[in-house]
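K.L.:
Each chain, letter by letter, is given below.
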Amino acid sequence: MKQILIVDDSSFMREILKDLLLTNIPNIKVNEADSKKTALEILEKMKPDLTLLDIVMKESELEGLDILKELKQMHPKANVIMLTSIGQTAIIEKCRKLGVLHYIQKPFDRDDVLKNVSKVLLDEKTKQEG
Amino acid sequence: MADNIFSKHKEAYLREAHALVEKMNAALLQLEKNPQDKESLQEIFRAAHTMKSNSAMMNYHQSADLCHLLEDILDALRNNQLVLNQCTEILFAGIDFLKANLKKLDHDNAELDASVLIDQAKVLLSSGQSLIKQPQTEKKAVSAAVEKIHSIEVKVERLDTLMKLAEELLVNRLKLDLLRDTINHPELTATVDTLSRVVMDMQYNIMQIRLLPIGIVFERFFRMVRDLAKLQHKEVQLEVEGGDIELDRTLLDEIAESLAHLIRNAIDHGLETPAERKKAGKKPQGTLRLVAKRSKESVTIEVSDDGQGLDLKEIKQVAMRNNLIDSHATPEDLRNLIFEGLTTTKEVTQISGRGLGLGIVKQKIESISGVIWVESKEEKGTQFFIKIPLTLAVIKVLFVKVGERIYAVPLDNIERLLTVSAGDFKGILEYEAIVYANDDIPITHLATLFNETVAPNERQQVVVVKNGDDRLGIAVDQLLTTQEVVIKPLGKIIKSNRFFSGSVLLGSGEVVLILDVAHLFLSKRINYARRKSDAS
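Top line first, the protein sequences correspond to chains E and A. Residues in the first sequence are numbered from 1 upward in steps of one, following my numbering. Residues in the second sequence are numbered from 1 upward in steps of one, following my numbering.
Misleading hints may appear alongside valid ones.
As the list claims (entries may be wrong) - The calculated lysine-lysine pairs, modelled on PhoX-like cross-linking and capped at a C-alpha distance of 25 Å, are:
1) K2/E x K364/A
2) K155/A x K45/E
3) K155/A x K36/E
4) K37/E x K97/E
5) K18/E x K8/A
6) K364/A x K37/E
7) K155/A x K37/E
8) K115/E x K362/A
9) K29/E x K387/A
10) K97/E x K72/E
11) K2/E x K362/A
12) K29/E x K426/A
13) K36/E x K18/E
Think of the hints as simulated: they come from the structure by calculation, not from any bench.
Taking the hints into account, I'd like the entire structure generated from these sequences.
P.N.:
The following block contains the structure:
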């Protein structure tokens, strides 16, 4: 069972993503976090195989970036896909430098999400088995 | 994407959007009072940003485009390219538009036209000229202010907390019940009785809030069925029924995975390709049905297909080869083998066919006290049934004592209580039994089951429990009282021990385990065999 964490402060976005993943990818469990605090707690406890992280979060404008930094400090090999909106090129560049695997632009295309998520999970599997 | 998520996620969108717009409104009022308040500005920005993304996701372009421009205006404010009093009216007008638009979307899927506002925002951004100087009309302002709130969003954790508090109250109510019986004062009795009713009522109502229609889960499968069928080059139509039946959210989560598994199996193994179906005289398109039915105490969900059905001959062959059954096995025995890890699939596909799957489904269903069974007709199809009891948090139990420990037996399972003398125990065939009313009743000593020594009792207390037509005597040291108790779920470690179905917190704070009678039946013979070998 692969663990996926969705970090987004919009309950609607989380619901859509969760639903999309659960209906299309077998053998996964999806956790959700709507704040930095919950996200870091879950990251520590569950060590998810993949984290989908929204860049603009509640407490400060770029809380997603903070989470990413802390996460990468704790687990340099953690898999992260960023969720971004149009016109955030500068931030995307920062995220790339921090080791983000992909970024998905909102409004996202479902096949794009599924393709990228499946790929990360598959790579993770080969890494573990190899 | 949009067509798909439209109906499915619209409610979630609207719920959050209403809250976001209110947030923008409140923060803008705050900002107007104190134009230096950076935090409020940030708050409007974030709400507008989320609103933009969410609206775009739903293909609500009027809202999304407007929010995009509101963001630009807020950004200009942040960078001091615009000053607040140039922007307040258009920001408020924007919020009003979003609000009105949501109200429209509550009823249909067509948005209001935002083009006038969008043009005004563009002018403001390019020239710094504000085209809106007056607030909305007075009538509109008043009607917006007195609009009633019909629903609110509540986090599940808060409901869980509320539920725990209600259970706490219930435990205390049980203590009060004891006091009422001891003190026996009419006024106290009346008060405690009323309180009891209110507490039960409250718990029931909280449980009602946690209910969600099972249709939410059913909806998810349309896309899955379509995609899987395509992959398998099959034509499958999914039909659902009873989607309005409501279940506790936690149960729904558990069931969803099991249903997904059964559906995958049906498409993978049950339903045939159009060519095969034609050959069998069926229409090329297979039908998969998900039906939920509710009775007073349980919900039954049926997952059925009109495919080829289970191949009982093949199952029998595989099972005989693996010494799982003898030649007398009934069709029911054979069908049940598919839950025990038996698979006849020659080719393990990516989707299913590993055999272990149905065993896990069974475990999952049993972990929420449900049962699963399968029926099948060759060439006609396979039907899986999942029956889940609606959470009954309160049951009546009898407390019994064995050694120093207290256990609880659900009263529903008890047929009668007996006191027998040591000489009445007989070794019949392979198990120990007593004869009562011309019937053999096998006996299980709880003490041996839990590796405690059996105290030699001249007069032995026996609790006779029933499971269908079967009966079993449970030998205990002492019978204590009966009580109405609140069931608590078991921790992980105890969960792996199949003899218990839950626990009870006594008024004294002591935790007592509830015996799972159905599993005691399964263990009765093993238990006696062990006692015999211990003795020899």
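K.L.:
Tell me, in ascending order, the numbers of any earlier hints that this structure violates.
P.N.:
Hints 6, 8, 12 contradicted; others consistent.
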